[in-house]
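Residue numbers (my numbering), protein chains in the order written: chain A, 195 to 681; chain B, 8 to 492.
If you're looking for bench data, these hints aren't it; they were derived computationally from the structure.
Cβ coordinates follow ideal geometry from the N, Cα and C atoms, glycine included.
Some hints here could point you the wrong way.
As the list claims (entries may be wrong) - Pair by pair, the computed Cβ-Cβ distance ranges are:
(1) SER370(B) / ASN463(A): 44 to 50 Å
(2) GLU464(A) / ILE245(B): 30 to 36 Å
(3) LYS280(A) / SER302(B): 47 to 53 Å
(4) LEU251(B) / GLU240(A): 22 to 28 Å
(5) GLN382(B) / GLU501(A): 33 to 39 Å
To be verified - Examples of chain A residues toward chain B, derived with CB under 10 Å:
(6) MET255
(7) ASN288
(8) TYR291
(9) ALA292
(10) ILE314
(11) MET317
(12) VAL490
(13) PRO521
(14) TYR522
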Amino acid sequence: MSKEKLEYLINRNDNQYEVVIGLEVHAQVLSQSKLFSTSATKFGAEPNTQVSLVDAAFPGMLPVINEFCVKQAIKTGIGLKAKINKRSVFDRKNYFYADLPQGYQISQFKDPIVGEGKVILDMPDGQKEVGIERLHLEQDAGKSIHDLDPKNTFVDLNRSGVALMEIVSKPDLRSPEEVNAYIKKLRSIMRYLGTCDGNMQEGSLRADVNVSVRKKGSKDFGTRCEIKNVNSIKFMQMAIEYEANRQVDLIEDGQTVDQETRLFDTKKNETRSMRSKEDAHDYRYFPDPDLLPLEVSDEFIDQLQLEIPELPDEKKKRFIDQFKLTPYEANIMVSDIETSNYFEDVVKKSDVKLATNWIIGELFAALNEKNLEITDSPISAGNLSKLINLIKDGTISGKIAKTVFEQMMEGDKDPKKIVEEKGLKQESDPKALEALIDKVIDSNRDKATEYKSGKVKLFGFFVGQVMKVSGGKANPQLVNEILKKKL
Amino acid sequence: MSDITKQTLSELVNNIKEKKLSSSEITQAFVDRSEKSKELNTYITEDFSNALDKAKKFDDNPKLDLKLPGIPMAVKDLFCTANVRTTAGSKILNNFVPTYESTVTQNIWNEGAILIGKLNCDEFAMGSSNETSFFGNVQNPIDKNLVPGGSSGGSSSAVAAQLTPITIGTDTGGSIRQPASFTGTVGLKPTYGSCSRYGIVAFASSLDQAGPMAQNVQDCALLQEVISSYDQKDSTSIDFKRNLYSKELTKDIKGKKIGIPKEYRVDGMPKEIDDLWQKGIEYAKDCGAEIIDISLPHTNYALPTYYIVAPAEASSNLARYDGVKYGFRADGENLIDMYEKTRSEGFGAEVQRRIMIGTYVLSSGYYDAYYLKAQKVRKLIKNDFDEAYKKVDAILTPSTPSSAFKIGEKTNDPVSMYLNDIFTVPVNLAGLPGISIPAGHDSKGYPLGLQIIGKAFDEQNILNIAYAMEEKINFKNKITDWWIK
Numbered sequence: 195m196s197k198e199k200l201e202y203l204i205n206r207n208d209n210q211y212e213v214v215i216g217l218e219v220h221a222q223v224l225s226q227s228k229l230f231s232t233s234a235t236k237f238g239a240e241p242n243t244q245v246s247l248v249d250a251a252f253p254g255m256l257p258v259i260n261e262f263c264v265k266q267a268i269k270t271g272i273g274l275k276a277k278i279n280k281r282s283v284f285d286r287k288n289y290f291y292a293d294l295p296q297g298y299q300i301s302q303f304k305d306p307i308v309g310e311g312k313v314i315l316d317m318p319d320g321q322k323e324v325g326i327e328r329l330h331l332e333q334d335a336g337k338s339i340h341d342l343d344p345k346n347t348f349v350d351l352n353r354s355g356v357a358l359m360e361i362v363s364k365p366d367l368r369s370p371e372e373v374n375a376y377i378k379k380l381r382s383i384m385r386y387l388g389t390c391d392g393n394m395q396e397g398s399l400r401a402d403v404n405v406s407v408r409k410k411g412s413k414d415f416g417t418r419c420e421i422k423n424v425n426s427i428k429f430m431q432m433a434i435e436y437e438a439n440r441q442v443d444l445i446e447d448g449q450t451v452d453q454e455t456r457l458f459d460t461k462k463n464e465t466r467s468m469r470s471k472e473d474a475h476d477y478r479y480f481p482d483p484d485l486l487p488l489e490v491s492d493e494f495i496d497q498l499q500l501e502i503p504e505l506p507d508e509k510k511k512r513f514i515d516q517f518k519l520t521p522y523e524a525n526i527m528v529s530d531i532e533t534s535n536y537f538e539d540v541v542k543k544s545d546v547k548l549a550t551n552w553i554i555g556e557l558f559a560a561l562n563e564k565n566l567e568i569t570d571s572p573i574s575a576g577n578l579s580k581l582i583n584l585i586k587d588g589t590i591s592g593k594i595a596k597t598v599f600e601q602m603m604e605g606d607k608d609p610k611k612i613v614e615e616k617g618l619k620q621e622s623d624p625k626a627l628e629a630l631i632d633k634v635i636d637s638n639r640d641k642a643t644e645y646k647s648g649k650v651k652l653f654g655f656f657v658g659q660v661m662k663v664s665g666g667k668a669n670p671q672l673v674n675e676i677l678k679k680k681l
Numbered sequence: 008m009s010d011i012t013k014q015t016l017s018e019l020v021n022n023i024k025e026k027k028l029s030s031s032e033i034t035q036a037f038v039d040r041s042e043k044s045k046e047l048n049t050y051i052t053e054d055f056s057n058a059l060d061k062a063k064k065f066d067d068n069p070k071l072d073l074k075l076p077g078i079p080m081a082v083k084d085l086f087c088t089a090n091v092r093t094t095a096g097s098k099i100l101n102n103f104v105p106t107y108e109s110t111v112t113q114n115i116w117n118e119g120a121i122l123i124g125k126l127n128c129d130e131f132a133m134g135s136s137n138e139t140s141f142f143g144n145v146q147n148p149i150d151k152n153l154v155p156g157g158s159s160g161g162s163s164s165a166v167a168a169q170l171t172p173i174t175i176g177t178d179t180g181g182s183i184r185q186p187a188s189f190t191g192t193v194g195l196k197p198t199y200g201s202c203s204r205y206g207i208v209a210f211a212s213s214l215d216q217a218g219p220m221a222q223n224v225q226d227c228a229l230l231q232e233v234i235s236s237y238d239q240k241d242s243t244s245i246d247f248k249r250n251l252y253s254k255e256l257t258k259d260i261k262g263k264k265i266g267i268p269k270e271y272r273v274d275g276m277p278k279e280i281d282d283l284w285q286k287g288i289e290y291a292k293d294c295g296a297e298i299i300d301i302s303l304p305h306t307n308y309a310l311p312t313y314y315i316v317a318p319a320e321a322s323s324n325l326a327r328y329d330g331v332k333y334g335f336r337a338d339g340e341n342l343i344d345m346y347e348k349t350r351s352e353g354f355g356a357e358v359q360r361r362i363m364i365g366t367y368v369l370s371s372g373y374y375d376a377y378y379l380k381a382q383k384v385r386k387l388i389k390n391d392f393d394e395a396y397k398k399v400d401a402i403l404t405p406s407t408p409s410s411a412f413k414i415g416e417k418t419n420d421p422v423s424m425y426l427n428d429i430f431t432v433p434v435n436l437a438g439l440p441g442i443s444i445p446a447g448h449d450s451k452g453y454p455l456g457l458q459i460i461g462k463a464f465d466e467q468n469i470l471n472i473a474y475a476m477e478e479k480i481n482f483k484n485k486i487t488d489w490w491i492k
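From just these sequences and the hints, can you work out the full model?
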């Protein structure tokens, strides 16, 4: 089945421009302690309470690599189907800033721990592969707080030295939608792996966005601008849209795009120049003499390989094969690890088709309405499968099930108990139904006559009346059968 | 006993163990002599009264099985000492009091020694004469207005003047061996990775190494035994089997092959130095060693390589002294202004010069031509030694190209000052151990030293050679106590 290709193009005058985007994602490594010190990394602690002498760069203090962070980076590399470099080197990136106590950031420049890899995106018009250039480990800086005092800046070093993975994509992205899908996929992979919590509100995932434009069909890249430190997908998309249009306007106006670093102003929805290429820092990278090159063995990598769980792409394939989900349904179910776990728990004990519909339909809608994540769902997977079984065995109708579901959302109650307590059990006794139906026909003699004379549309009226009289509990299938006979 | 301060470390340890002397008596003697020796300007920070308290506590509950039981000791002010000011000889750390202890000094206190003070040194260990210290020149006890060498000039002066029985210095390009040579004392730069760098104010991380300084080889070996340890807090610390250097010390070096590198016969080397070297060769032969001519072809490039690598690392290591977190801060209009004023006022001229050299050689466009090339040459220099050590067990050279010079003589000529390190620098670049022992006097009566360079981790071997030669040389330091009124 061929789908229509969805292209994101900017039209000006008679020209069509393509947008080229590459991302440098900074993902905080999920780890108890920092990259080169034993300080805690918990989010939201009181300022400067998670700072060691190493983090604050006291004289004579030395960095010692946290092996767990190395493992996390390698696992992420495996998840990105990337080359793991058995030898990597930590470099110093030198610059002065108040929240950078050492006067340099320890990063990896020439020899990163992870090399080329790829990420598969599921776009509405088909799959798209985005290349990964590299992944390297580096320290986060502290935080400068400029708005607590009119004259002074405050510095919080809790974040100083926290491990980050910088994941650099190739310039393979072509639209804000692809960026959205890419970030979500990357986030999902890392959450499956447990290497980054992907929490963008807490700054665990941020990105520098490189944007350039070129005339459609051109093979050469345009001059790019880098938009620094954007911390939500929505802002990334807005920034790209603004920046791409700005560049197109410049070109159409006969001007050139200058390579520069820009900032996205979320209030004004525009990007602004931060520094030009000429003003770019000279970071004077050189290998950190306090650290030896990082060498990992094949056995070390093999061991980590064994710890890699089933990842979204493989899980999607399995869901399609094993549960006969459509690719669309499978995509939704694997989009994050919690949803996929929930789904698998539900279908362990109930019908897959019903479960899929109920999760994607009722459950997601209800959670959305309450602004809840699946992990906070008031309805446990076990109780949802019980509800589905009640539908499947005819104990309740689909309609009644919705009423029960609503009550379950108020608190994780056993659907069987709700059905019993409220007397919602479906009436499937033919004799009882016959009596009901007789009553309805009796009180609607005129309509029954009309029906018999050919007004078949009235059948629905009778079904409705029977359901009404039964309080919705009559088994709709049986009602249909008996009504047909009686009329 | 009136001659307490004249005793060697081994004698002091024996006297304490045999309860002939108490820690208080010994500590008091060194404190008294230090008090009388202020003109030498060896101390940056004295900790005398605490030392006497600690000595008393030691005597109340003596632990005589320790290696340095109740022995007072002053250390170079580059080692961070908990609750005792640590300045690195710089204004920028003038008010800095660490809450933590360096691993090397902790090892020393763990063996029962007692801190009596922090010794003067060149600012951030950058210098060869102790003249770059913010806290002023140090006098060489050998003669008035003579430099004690550097950067461990306070340490060499204090040991030679017997203000401390032993001490520790740090050696990045010769900062232990050159001052030892200038003061007639023994100084060992251990293999890189032997002594932890944790808690030592960093100059050039890939070269810095702490080491013992003493009046004789035996004391030096004992102190090396104490300070050398594998430390997980230093990622460049190496886990190798460490000897009990003082116990395994032997004068039997019969059959040891000692190399004489022809490239160390540099142009313009004073005849006195050459003669000393020849004498050294004869002493080594007398001890039963076999002398073999060797070549270290890249020796010429060692000094320029060092003066790229060391400043490059220093420029980055010293970035943390920015007035934000600790140490000296000058007020400024804004952050950049504060940085500029703090670092301009807080660092002395030599430190600023090296920061600028280092920043330059790491700059984009120059990195390949300088830093990267220097790293390649460094590898070649190391290969030279590896080749030589296929034929010999150790290498004998002069420690310095001259004896001690006068204060002020070379302050305006940094290149001539840098040339002081010509024989010591290759050893740091190759990460090898080297020891300087006093071997004679020049015509002015100033001491001259010989350097014995060993294989990596082979400290025992060069200590043994030094021990054997020391006996033959029978050097006597000429200290007149001229500074004591």
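Cross-check of the supplied hints:
{"no.": "1", "hint": "SER370(B) / ASN463(A): 44 to 50 Å", "in the structure": "38 Å, violated"}
{"no.": "2", "hint": "GLU464(A) / ILE245(B): 30 to 36 Å", "in the structure": "55 Å, violated"}
{"no.": "3", "hint": "LYS280(A) / SER302(B): 47 to 53 Å", "in the structure": "37 Å, violated"}
{"no.": "4", "hint": "LEU251(B) / GLU240(A): 22 to 28 Å", "in the structure": "49 Å, violated"}
{"no.": "5", "hint": "GLN382(B) / GLU501(A): 33 to 39 Å", "in the structure": "37 Å, holds"}
{"no.": "6", "hint": "MET255", "in the structure": "8 Å, holds"}
{"no.": "7", "hint": "ASN288", "in the structure": "5 Å, holds"}
{"no.": "8", "hint": "TYR291", "in the structure": "8 Å, holds"}
{"no.": "9", "hint": "ALA292", "in the structure": "5 Å, holds"}
{"no.": "10", "hint": "ILE314", "in the structure": "37 Å, violated"}
{"no.": "11", "hint": "MET317", "in the structure": "39 Å, violated"}
{"no.": "12", "hint": "VAL490", "in the structure": "15 Å, violated"}
{"no.": "13", "hint": "PRO521", "in the structure": "48 Å, violated"}
{"no.": "14", "hint": "TYR522", "in the structure": "50 Å, violated"}
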